[in-house]
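Novice: Just so you know, the sequences run in chain order A and B.
Start counting at 1 in the first sequence, then tack on 6, and there's your number in my numbering.
Start counting at 1 in the second sequence, then tack on 726, and there's your number in my numbering.
No lab work stands behind these hints, which were simulated from the structure alone.
Keep in mind that the hints are not guaranteed to be accurate.
Taking lysine-lysine pairs in the DSSO-like style, the calculated list, with each CA pair at most 30 Å apart, reads [unchecked claim]:
#1 A:LYS52 <-> B:LYS750
#2 A:LYS46 <-> B:LYS750
#3 A:LYS52 <-> B:LYS746
#4 A:LYS86 <-> B:LYS884
#5 B:LYS800 <-> B:LYS884
Source: prediction; values computed, not measured.
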Amino acid sequence: MAKSKPTRVDQVVYLLTYPLNWLEERTSSPGHSGLIGGIKYFLFRKVPGDISWGNTLGSAALTAFIVQAVTGVILAMYYKPDPNSAYESIRHITDDLWAGWLVRGMHRWGASVFIILLFLHMGRVFLYGAYKYPRELNWIIGVLILLLGMLEGFFGYLLPWDQTAYWATVVGVNLQATGPFVGPFLGDVLRGGAEIGPDTLARFYSLHMLVIPGALAALIGLHLWLVVRIGVGSPPWSPLESGPEPGPPPAERKGLVTPAPRGAGVRRR
Amino acid sequence: MNRRLEERRAYYARYKRNVKTNGKPFFPWAMFEDTVMSLLVVCVIVALAVIWKFSTPHEDPGSSGWLGKLYDEKADPGTTNFVPRPDWYFYFLFYLLRIFKWPDSVVLGTVGVPTIALLLLIALPFIDVGTERRPLRRPVAMTAAILTIITMGVLTYKGATAKEPLAAENLVLVPQWAQKQGYADNPVAVDGAKIFAQVGCMNCHTYEGAGTSNLGAPDLSSIGKTSNRGVAGFADYVSNPSKFGNNVMPQFQDLGADNLRKLGTFLQSSGNCNPKTSNCPAAGGQ
């Protein structure tokens, strides 16, 4: 075959895709695709043909988390974690800064939306029986995300340093201190002393904006990785993928295992 | 061999094959729905923030709009007359604490029940090991889920609507208590009763049928008789309960020695034991 001269189009395509190819080559190893290959796999992987709006609750919760992260970073630029100025800095954000009320309001209400979406997502996973083999580990990670999400709310509640914040936290920390063995110790660690004061606020701030969000981001990453790796579960009423029919052991019903013809029984778009 | 494991593996292999043959690519099909949903989420969050801000009256930014106040008063550790409220998703815990009694079983409400619930949630995939995923064929799991949702809903509702007495409502009861308990002639005890009614004690303790039993805190109507710590002993206890192994009750040392002495006198006088008249057993801890 004669080698033809590359056309103008070929040259442009080569130039445009050069950075992508460069990145792919620097992130891959023989037999394993790199970053670009991974993104391609993520985008073009097959998902069950009959998944629908019920399956969007997880990414909805992820969106709420991203809203919290972005608004949280902006708030952290103006918030002062010190009992003498925390309350004033919140008022400054709300009353004086351009769209400060919007950023704070989104963070305040986004927290509730995030928790609600986590519960809805969990309910959907339960309804679909999607916590069963081989997705047990992802269920556990999800429970930890819910737990950390609620803790994030607890630690963030003190930061405005108003009466509601202060007294709810006094009670909350005292409650933890009722725990056996480690309880009183845990109470002291959280307060940073015998009383709720400057040390407590700094501690809560650090936990609220560094430790827990970091852990949450890591767990969410792991959660997503497993979703992509194992595959999105189809609805349990999906005629093809609802699990083995009760009856003879798997070895004897090989016939069922062969894929059905395209489109058979599956609602397609 | 383990038939269940074999069955599960066969199911998963079948699922993978089916998705490969009959599935649709994530982009653009599923991604479209995810994107619409994500935009909806952002819109709802922005709408809540806007409603929060613009339903608050302009002329009085400290007052409450449709979604509550923009900000409360600044935190003041000195005034304990404030009813603590957690965020709504902790209301179920908040109410759970009223069910258990202090000190014997309060730990069940604070640590016991939540820990067990969390462990059950984590253990769910190992408890429900069947391969069946259709809801109608999982009656036990579905019943358990519905009962859990109803329980959480009721506890959240109860926690949201639980009422604490206002300081002013308690204050008018003081003369009544003094009359009934027989310390009306002791102004120090009456002053102590007024402090007791105002600084938030009654958000957890009951006294002569008033107040709220929260966190299972004990009734104090006859604490002078049952506990009998003496004026200084009570003052000491209230100023720092954790010194006496009580880590549930907040510290009240901010009230100051004078107020604590009044409070101690009031507590010691409760239960028909007036230190002015000598019908008291020898007070301990003085």
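Novice: Flag every earlier hint the structure violates by its number, smallest first.
Specialist: 4
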